[in-house]
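**Student:** Whenever a hint applies, use it, and build me the whole structure from the sequences.
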Amino acid sequence: MHALTLTGLGPDDEATAVASANLDTHADDMLRHLDRRRLADVTLVGHSYAGMVISAVADLVAGRISRLVHLDAFVPRDGESWWSSTNEYFRNPAAAGAAHTGYSIRPPDGGDPRRRPHPLASFLQTIRLTDKATQVPCREFVYCSGWEDRTPLAGLRARLLADPGWLVHELPTGHDAMHEAPQAVAALLLGEGAVGISRPVLPVGR
21 MHALTLTGLG PDDEATAVAS ANLDTHADDM LRHLDRRRLA DVTLVGHSYA
71 GMVISAVADL VAGRISRLVH LDAFVPRDGE SWWSSTNEYF RNPAAAGAAH
121 TGYSIRPPDG GDPRRRPHPL ASFLQTIRLT DKATQVPCRE FVYCSGWEDR
171 TPLAGLRARL LADPGWLVHE LPTGHDAMHE APQAVAALLL GEGAVGISRP
221 VLPVGR
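First residue of the sequence shown? That's 21 in this note's numbering, and the numbers climb one at a time after it.
The set of hints was computed from the structure by calculation and includes no laboratory data.
Treat the hints with care, as some may be off.
Computed Cβ-Cβ distance ranges for the label pairs, DEER-style [what the hints assert, rightly or not]: (1) A35 x P192: 31 to 41 Å; (2) G30 x E200: 37 to 47 Å; (3) A206 x W103: 28 to 38 Å; (4) R179 x W103: 14 to 24 Å; (5) R56 x E200: 31 to 41 Å; (6) T25 x L181: 25 to 35 Å; (7) T150 x D129: 15 to 25 Å; (8) G131 x E34: 38 to 48 Å; (9) P184 x A119: 40 to 50 Å; (10) P184 x G122: 40 to 50 Å; (11) D44 x P192: 34 to 44 Å; (12) S40 x P184: 37 to 47 Å; (13) A206 x D183: 23 to 33 Å; (14) N107 x E200: 32 to 42 Å.
Every residue gets a Cβ at the ideal spot worked out from N, C-alpha and C, and that includes glycine.
**Tutor:** Structure below.
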């Protein structure tokens with residue numbers, strides 16, 4: 021397992037790194053890591069915004085990726101951004117959180133003390149995609165159903181349920197499933213038992 025800290029999110033990152041980091045920067049972070057470690061047959065897991073990042077990477081190096089897991093994460097289409105894909109419940113506090121610096125979004129009070137201000141540009145930049153990510157053999161979406169009054173992902177769940185190229189799971193947790201149900205998330209990622217599968221996956225193109 022390789023856990024990456026993306027540019028601008030490290031505890032020692034300078035303000036210039038935070039100000040300049042965008043979605044392309046974060047995709048490049050992952051690509052460099054794959055190249056340095058000479059990794060192939062990779063499972064990429066992205067939570068929340070990181071679904072944008074793994075989508076960008078998979079589109080660029082689909083042949084090196086065997087599985088994509090979007091853990092309550094965005095699955096963008098070409099030309100979309102985090103900002104265009106989320107809802108007002110998140111856009112409004114994001115705008116307020118960026119008011120101090122103009123380039124980074126202050127995390128809300130409480131929660132994990134390791135959270136860092138998030139580069140605003142990474143939320144605003146639109147993604148550029150072809151259809152190459154459809155070549156990834158296994159693409160999975162995990163929908164967390166325990167916060168349906170606020171989630172921006174309900175429409176995405178409906179879209180992916182109608183797409184035979186996706187396997188859709190459901191967990192009855194809030195957005196941070198890895199904290200609320202770590203064993204269930206681990207079992208899903210390790211393939212030790214599907215959790216709340218909504219529809220079986222079918223080969224792409226059938």
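**Student:** Falls inside 25 to 35 Å, the C-beta gap from T25 to L181?
**Tutor:** Hint holds: Cβ distance 33 Å, inside 25 to 35 Å.
**Student:** Should the hint that G30 and E200 are 37 to 47 Å apart at their CB atoms be regarded as holding?
**Tutor:** violated, 26 Å
**Student:** Between N107 and E200, does the beta-carbon spacing fit 32 to 42 Å?
**Tutor:** Once the Cβ atoms are compared, 21 Å apart, the range 32 to 42 Å for E200 and N107 is violated.
**Student:** The hint says 31 to 41 Å between R56 and E200; measuring C-beta to C-beta, is that right?
**Tutor:** holds, 33 Å
**Student:** Using the C-beta atoms of P184 and A119, is the stated range 40 to 50 Å upheld?
**Tutor:** holds, 44 Å
**Student:** Just tell me: holds or violated, for the beta carbon distance of R179 and W103 against 14 to 24 Å?
**Tutor:** The hint (14 to 24 Å, Cβ to Cβ) holds, given that R179 and W103 are roughly 18 Å apart.
**Student:** Just to be sure I understand the hint, the distance between the Cβ atoms of A206 and D183 should be within 23 to 33 Å; is that true here?
**Tutor:** The hint (23 to 33 Å, Cβ to Cβ) holds, given that A206 and D183 are roughly 26 Å apart.
**Student:** Lying within 37 to 47 Å: is that true of the beta-carbon distance S40 to P184?
**Tutor:** The hint (37 to 47 Å, Cβ to Cβ) holds, given that S40 and P184 are roughly 40 Å apart.
**Student:** Taking 15 to 25 Å as the stated bounds, is the beta-carbon spacing between T150 and D129 within them?
**Tutor:** The hinted range 15 to 25 Å is violated for T150 and D129, with Cβ atoms some 41 Å apart.
**Student:** For the range 31 to 41 Å, tell me whether the beta carbons of A35 and P192 fit it or not.
**Tutor:** Check passed, 40 Å falls within 31 to 41 Å.
**Student:** Is 34 to 44 Å a correct range for the gap between the Cβ atoms of D44 and P192?
**Tutor:** holds, 35 Å
**Student:** For the pair A206 and W103, does the Cβ-Cβ distance stay inside 28 to 38 Å?
**Tutor:** Taking Cβ atoms as reference, A206 and W103 lie about 31 Å apart, which means the hint holds.
Hint compliance for this structure: hints 2, 7, 8, 14 are not met, and every other hint is.
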